[in-house]
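Chemist: Residue numbers (this note's numbering), protein chains in the order written: chain A, 1 to 209; chain B, 1 to 134.
Treat each hint with caution, since some may be false.
[Unchecked claim] Derived DSBU-like pairs (lysine-lysine); straight-line CA-CA distance at most 35 Å:
#: 1; chain 1: B; residue 1: K18; chain 2: A; residue 2: K55
#: 2; chain 1: A; residue 1: K168; chain 2: B; residue 2: K93
#: 3; chain 1: A; residue 1: K55; chain 2: A; residue 2: K145
#: 4; chain 1: A; residue 1: K168; chain 2: A; residue 2: K144
#: 5; chain 1: A; residue 1: K52; chain 2: B; residue 2: K23
#: 6; chain 1: A; residue 1: K192; chain 2: A; residue 2: K129
#: 7; chain 1: B; residue 1: K116; chain 2: A; residue 2: K52
To be clear, the hints were calculated from the coordinates, so they are not data collected in a lab.
The structure presented is a predicted model; accordingly, all values stated were derived computationally and were not measured.
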Amino acid sequence: MTFGRLKRWIFGIVAALVLLLSGLYAWSYWPIAADTNAIDPAVTLANELDEKGIKYREGYVQSQGRQIHYVSAGQGEAIIFLHGFPSYWFTMFGLMEEFKSDYQVIAIDGLGVGKSDAPGDVDDYRIDKLVNHLEDVIDELDLKKVHVVGHDWGAAIATAYAQANPSKTNTLTAIGALPHNILLHRLDTDPKYRETFSYMSLFNQPIRF
Amino acid sequence: MGVKEQIWEDTYSPFVEKGLITKQQGERLHEDIGQPRRTDRFINWYRANFPEFDEITDSDFWPSRSARVTVPALFIYGEDDQVVTEELAIDFKNSADSMVILPLENTAHRPHFERKEEVTAAIRELIEEHQKSN
Numbered sequence: 001m002t003f004g005r006l007k008r009w010i011f012g013i014v015a016a017l018v019l020l021l022s023g024l025y026a027w028s029y030w031p032i033a034a035d036t037n038a039i040d041p042a043v044t045l046a047n048e049l050d051e052k053g054i055k056y057r058e059g060y061v062q063s064q065g066r067q068i069h070y071v072s073a074g075q076g077e078a079i080i081f082l083h084g085f086p087s088y089w090f091t092m093f094g095l096m097e098e099f100k101s102d103y104q105v106i107a108i109d110g111l112g113v114g115k116s117d118a119p120g121d122v123d124d125y126r127i128d129k130l131v132n133h134l135e136d137v138i139d140e141l142d143l144k145k146v147h148v149v150g151h152d153w154g155a156a157i158a159t160a161y162a163q164a165n166p167s168k169t170n171t172l173t174a175i176g177a178l179p180h181n182i183l184l185h186r187l188d189t190d191p192k193y194r195e196t197f198s199y200m201s202l203f204n205q206p207i208r209f
Numbered sequence: 001m002g003v004k005e006q007i008w009e010d011t012y013s014p015f016v017e018k019g020l021i022t023k024q025q026g027e028r029l030h031e032d033i034g035q036p037r038r039t040d041r042f043i044n045w046y047r048a049n050f051p052e053f054d055e056i057t058d059s060d061f062w063p064s065r066s067a068r069v070t071v072p073a074l075f076i077y078g079e080d081d082q083v084v085t086e087e088l089a090i091d092f093k094n095s096a097d098s099m100v101i102l103p104l105e106n107t108a109h110r111p112h113f114e115r116k117e118e119v120t121a122a123i124r125e126l127i128e129e130h131q132k133s134n
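Okay, chain B solo, but in the shape it has when bound (with noise of 0.2 Å):
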């Protein structure tokens, strides 16, 4: 199977049977996802930025490697994702001056699509307090 056909069958297929998107919306994100070209230059995202782990440098950091977040943030994880744990989490919340950390469960790696209606309260929650406070 193709790089296309995998993501529509492992990611947004899904998404459909369960009613989290329409049919339509489906076959829009099944066209225009996976294109192989296209894909091989998205993964230069990965190639520029993560070297060999056994040679990472300070260089290899931006802004730099102690950088923190100083305004009001909220870190948003499935409890089922392969690539966020707890140990991380914390490290995300201890790198912020202000940092609410929402894990849900049975969820996976798209919050937004598994939760949407949990993460639009968490997000229009941090952004009316942040007005009230300004």
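Chain A with its partners taken away, still in its complex shape (with noise of 0.2 Å):
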């Protein structure tokens, strides 16, 4: 192999390694913007599936700069459903159709995901981010206190927000999760629950997907 071929070659593995790099972190860290011109076809079916008269309509609320995408229906006191992991607004639907008549139903999703912003900092989902972004849109809609509804993430954030809002709340409900500060408190203290959730070690691991 005569040296200029040799160049040409190292120069070529040197450019795909760059270009993998760069892609692989584009993948992680750019930032997905939420389509807000776009009707979320989960809205469309749930009023498809609506016998009550009783209309779905979406919106967003900006929220630290972010696009906060949430769903409403009904008329009275609110109640705010809160998604869990991995699901999004529509998994609440069940529910809401249950209160809808009687309650404002309003479900959110949360920060990188569904219809919401996603951006690529980790530590912009941090609890309290996300509980901020609830706080925003209860504030947004002129909601004063509200019920509170949460399953799995959702319950967290749920008990964050009543944890830091006892006047702002009326109600909290929690399905199928703790609060974050008991489940970190037992992680803290009690060996025995490392192993239940060993899981989340691996989210700190690169994911194949």
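Once you've looked at the hints, go ahead and assemble the two chains, each given alone in its own frame, into the complex.
Modeler: Below, the structure written as structure tokens:
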């Protein structure tokens, strides 16, 4: 092999590596912006399934520079529904249908999920910020005081909201998951739970999809 | 199998088979859940909030390690749920001024699908009790 060909080979390999790594970086960290003009097909389906003449409408609230997507129906005292992992607002549709005749039901897509923005910085997903998005939706819709219902991660956020905002919470319903502070305290102090929840450490590794 | 198909097979497809949701709803969930880049972002909820277990400090807690629930509260969980134990449920109750715990038999991690009627009735009762007392 001549020196010139070797140089071209090395250049080619380096260029391929740079492309691959920047591709991986973009995949992991490049923000995904919500398409706020497109109608959510899950909202369309929710309204096709409606038999009570109470329609769902969707909107976005700006919170910390992020677009947070929410879906709302009905009138009355507000009940906010928060989905878990790996879900989005439509997994709370069954419960929303049960309450929409008597209450204003609102479900939110959490940051990164559904039709909300999905920034690349991990710190944007800290629980205080996720609760702050919920607070901003509540303020923007001028709800004052709400019932919160959450499943899985949504239960952790609903509970943290209620812990931090008792004067703006009517009731709290948590489904299928512990509050973040209680679980974290057990993980900190009780080794038997570290095994049960070891799947969480897997999430700190690169993921194969 | 990719993450999208795995979530569908493990979680939502059985709900369609059992008649808990319609085929149409199932197809929507199948289509919308598990897109790889979105799922990676969603996993940031864990990455940002659960440090390595031997590195947990007070600053990882929000609002705080000892934060309590002072509003009327309800905790519903399936007895077959892998991530909830009776001991943890009692921890939760002990951190609340007024909490009803509703464990559901033969129920796993998604009572709002698996036992929608009981879940609805329990939430309704909590809300209506609260309305009466105000």
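Chemist: Against the structure shown, which of the earlier numbered hints fail to hold, in ascending order?
Modeler: none
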